[in-house]
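J.: When you get a sec, could you build the whole thing from the sequences and use the hints?
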Amino acid sequence: MTDKALPVLEARAVAKHYGALAAVDGIDLKVMPGQTIGIGGPNGAGKTTFFDLISGFIPVTKGEVLFMGEPIKGLPAHHLARAGLVRTFQVTSGFTSLTVWQNMMASVIFGARDTKPGLLFNRGNRARVETTLEAFGLSDLASARVEDIPALARKKLMVATAIVHEPKVLLLDEPVSGLMPSEVDEFISLMHEIRARGTTLVFIEHVMRFLTSVADRALIMHQGKLIYDGPPSGIGRDETVRSVYLGGAAYGLETETGHG
1 MTDKALPVLE ARAVAKHYGA LAAVDGIDLK VMPGQTIGIG GPNGAGKTTF FDLISGFIPV
61 TKGEVLFMGE PIKGLPAHHL ARAGLVRTFQ VTSGFTSLTV WQNMMASVIF GARDTKPGLL
121 FNRGNRARVE TTLEAFGLSD LASARVEDIP ALARKKLMVA TAIVHEPKVL LLDEPVSGLM
181 PSEVDEFISL MHEIRARGTT LVFIEHVMRF LTSVADRALI MHQGKLIYDG PPSGIGRDET
241 VRSVYLGGAA YGLETETGHG
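Per UniProt numbering, the sequence shown starts with residue 1, numbered consecutively.
Warning: the hint list may mix true and false statements.
[Said to hold, decoys possible] Calculated cross-link-like contacts (lysine to aspartate or glutamate; reagent style EDC-like; alpha-carbon spacing at most 16 Å):
{"no.": "1", "residue 1": "K62", "residue 2": "E10"}
{"no.": "2", "residue 1": "K73", "residue 2": "E10"}
{"no.": "3", "residue 1": "K62", "residue 2": "D25"}
{"no.": "4", "residue 1": "K168", "residue 2": "E70"}
{"no.": "5", "residue 1": "K168", "residue 2": "E10"}
{"no.": "6", "residue 1": "K30", "residue 2": "E10"}
{"no.": "7", "residue 1": "K30", "residue 2": "D229"}
{"no.": "8", "residue 1": "K30", "residue 2": "D216"}
{"no.": "9", "residue 1": "K225", "residue 2": "D25"}
{"no.": "10", "residue 1": "K225", "residue 2": "D28"}
{"no.": "11", "residue 1": "K73", "residue 2": "E134"}
{"no.": "12", "residue 1": "K62", "residue 2": "D28"}
{"no.": "13", "residue 1": "K30", "residue 2": "E64"}
Calculated directly from the structure, the hints in this document are not laboratory data.
T.: The structure is reproduced here in structure tokens:
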């Protein structure tokens, strides 16, 4: 077996308990290189907690998480990020009083794998920022303060500050939450461009049109467990998913917004 055939990220019977509550209850997952996995489920299903576990932000109660074949137990999240396991959060963050360019450079500095002072502002890093801004359609906003740019641009910037590190695995938590349908369409196109680079993606999303358009594998969680693991095209035909998540609605009619 070659290294390419090994999972880049793996959860083995991962669980997180808060007293008697199992927020995540024994989930197994193998993420293969170049794969795009979309995770859906009702509010409170445990999706973000699962993200927190596999990105090293909180410790598991049971099971283990492996990144590039090595257990992540005891490794701080920033160490994992510098090693190539990068994530975003539900709330669009960033330094709002700084410009788009400054946010990108700050991301390069704080996420640098080589922190020698002379390498932080070299031409290669600046060129990488310029290329990323152009790819995300943000070049014209480079000198604008983040607090002054539209919601869609902020969402793009959030992903751009993560992708500039050329991560081995990129975890996105509700990347299109709160966007208008036309903006979701634009984000779908952007995700296809990122996929074409070979980037390994795992994302949480309530907007089913986005999930089914971007992912090549779908997971649906409910009460801390996986209730579906298969092709996105099968979500709406699965009776359990329709019952607990889609409310019996016809496939494709899920709400365009949501959180959890």
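J.: State for each hint whether it applies.
T.: Going down the list of hints, with the structure as the test:
Note on K62 and E10: the hinted pairing holds, with a Cα-Cα distance of about 14 Å set against a maximum of 16 Å. Taken as a hint, the K73 and E10 pair is honoured in the structure, with Cα atoms around 13 Å apart against an allowance of 16 Å. A threshold of 16 Å between alpha carbons decides the hint, and for K62 with D25 the separation of about 9 Å falls inside it, so the pair holds. Restraint check for K168 and E70: the C-alpha separation of about 14 Å stays at or below 16 Å, so the hint holds.
About 13 Å separates the Cα atoms of K168 and E10, which keeps this hinted pair within 16 Å; it holds. Restraint check for K30 and E10: the C-alpha separation of about 5 Å stays at or below 16 Å, so the hint holds. With a CA separation close to 11 Å, the supplied pair K30 and D229 stays within the 16 Å bound. Our distance criterion of 16 Å between C-alpha atoms is met by K30 and D216, whose separation comes to about 14 Å.
Straight-line distance between C-alpha atoms of K225 and D25 comes to about 6 Å, which keeps the hinted pair within the 16 Å bound. Our distance criterion of 16 Å between C-alpha atoms is met by K225 and D28, whose separation comes to about 10 Å. For the hint pairing K73 with E134, the CA-to-CA distance comes to about 37 Å; that exceeds 16 Å, so the pair is violated. Taking the CA atoms of K62 and D28, the gap is about 12 Å. The hint holds against a cut of 16 Å.
A C-alpha spacing of about 12 Å is found between K30 and E64, which places the hinted pair at or below 16 Å, so the restraint holds.
Figure legend: structure checked against the earlier numbered hints; the only hint not met is number 11.
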